[in-house]
Amino acid sequence: MGEAAGFWPWWQGGAAVAAITLLLLWLGNQRLGLSTGFENLCALLLRTPHLMRAEVTGSARWRLPFLGGLVLGGALAALASGGWQPSLAVPMLDARFALSPAAKLAWMFAGGLLIGFGTRLSNGCTSGHGIFGLSNFERGSAEATLAFLAAGMVTTWLVQGAGAS
Amino acid sequence: MDRLLYGVLGTAFGFVLYRSGASDYDTVQGMFLLRDFQLWGLIGTAVALTAPGLWLLRRLGRTAGGAPLRVTPKPRNRGNWIGGAIFGAGWSITGMCPGPIFVNLGAGKLHALAALAGALIGAALLARYYSRLASGLGLPVAKA
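Line order of the protein sequences matches chains A and B.
Converting from the first sequence to our numbering requires adding 476 to each position, the first position being numbered 1.
Converting from the second sequence to our numbering requires adding 13 to each position, the first position being numbered 1.
Rather than coming from a laboratory, the hints here were simulated on the basis of the structure.
Possibly wrong hints are sitting among the right ones.
[As the list claims (entries may be wrong)] A short, non-exhaustive set of chain A residues, derived as facing chain B with CB atoms under 10 Å:
id: 1; residue: I496
id: 2; residue: L500
id: 3; residue: L521
id: 4; residue: L522
id: 5; residue: W538
id: 6; residue: L543
id: 7; residue: A553
id: 8; residue: A574
id: 9; residue: S576
id: 10; residue: G587
id: 11; residue: G604
id: 12; residue: H605
id: 13; residue: F608
id: 14; residue: F613
[What the hints assert, rightly or not] According to the in silico footprint, chain B covers these stretches of chain A (three or more CB under 8 Å from chain B):
id: 15; segment: 501-508
id: 16; segment: 562-568
Glycine included, every Cβ here is placed at the ideal spot set by N, Cα and C.
The shape of chain A in the complex, shown without the other chains:
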């Protein structure tokens, strides 16, 4: 299904993710982890004590350029796969609920709230826990990864109509 959709084969994507993770550590001495980036961005505007801790202030120097790169990489990838154009289309979600544009943005905003709050409470996301933490055999990362994969499976199952196809 993945390759049929025109994506790279999974092993190629996984190998590339591993290579970038290791290069980031070897060249830059940085542990891959993206969700602290939400706090790096918040700290540009807010001075809440929790956002002033060293983990946040000390990492903006590398993580903000990296996040900027993600945006650029997304644009280049879209250009390289059929052209860049602004879009609100989310095929599987549209097929399930046919949300109005405003309702779809509200849906995404609500999900975003859970992502921002949850990743910061968990102290990591798919990259920091799922890729780096698991690869470093950290027990807290294994617990976090099991929790977000399980919660994602349950949520998708509920959203898609409790197993209806």
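For this one, chain A is given, so just place chain B on it according to the hints.
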């Protein structure tokens, strides 16, 4: 100069996530429904290759520039799985984990902007109430 390095690595990472389906809503739902092996295979391959690479780099103990390698394990506490579960629901709802929010923003997906706004406010809310949650959940106390 090193900002350029991080920008280039981020660009490569964003390109890879987009081209391998990690930022695609339908592919993410296919993973969670166990109908599509793509992202299970991607994450599994990434861990299977990062783990030995990490082991090797830690044994060498030095970066490319000769500095002592720094790999700090994350603190383990109840926040890991409680926050992880909250995040997992958000990942399913939006079809995006944190990296792909930025990737989709660049790719022109307008709804990624709404997800980013939510994520920033969610992170700010946690920061605002962190000290109240910290004692109950055994989270580390923030150091300036």
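Against the structure, the hints come out as follows:
no. : hint    : verdict
1   : I496    : 5 Å, holds
2   : L500    : 5 Å, holds
3   : L521    : 9 Å, holds
4   : L522    : 6 Å, holds
5   : W538    : 5 Å, holds
6   : L543    : 5 Å, holds
7   : A553    : 4 Å, holds
8   : A574    : 15 Å, violated
9   : S576    : 12 Å, violated
10  : G587    : 3 Å, holds
11  : G604    : 7 Å, holds
12  : H605    : 7 Å, holds
13  : F608    : 7 Å, holds
14  : F613    : 8 Å, holds
15  : 501-508 : holds (count 7)
16  : 562-568 : holds (count 6)
The structure fails to meet hints 8, 9 from the earlier list, while all remaining hints are met.
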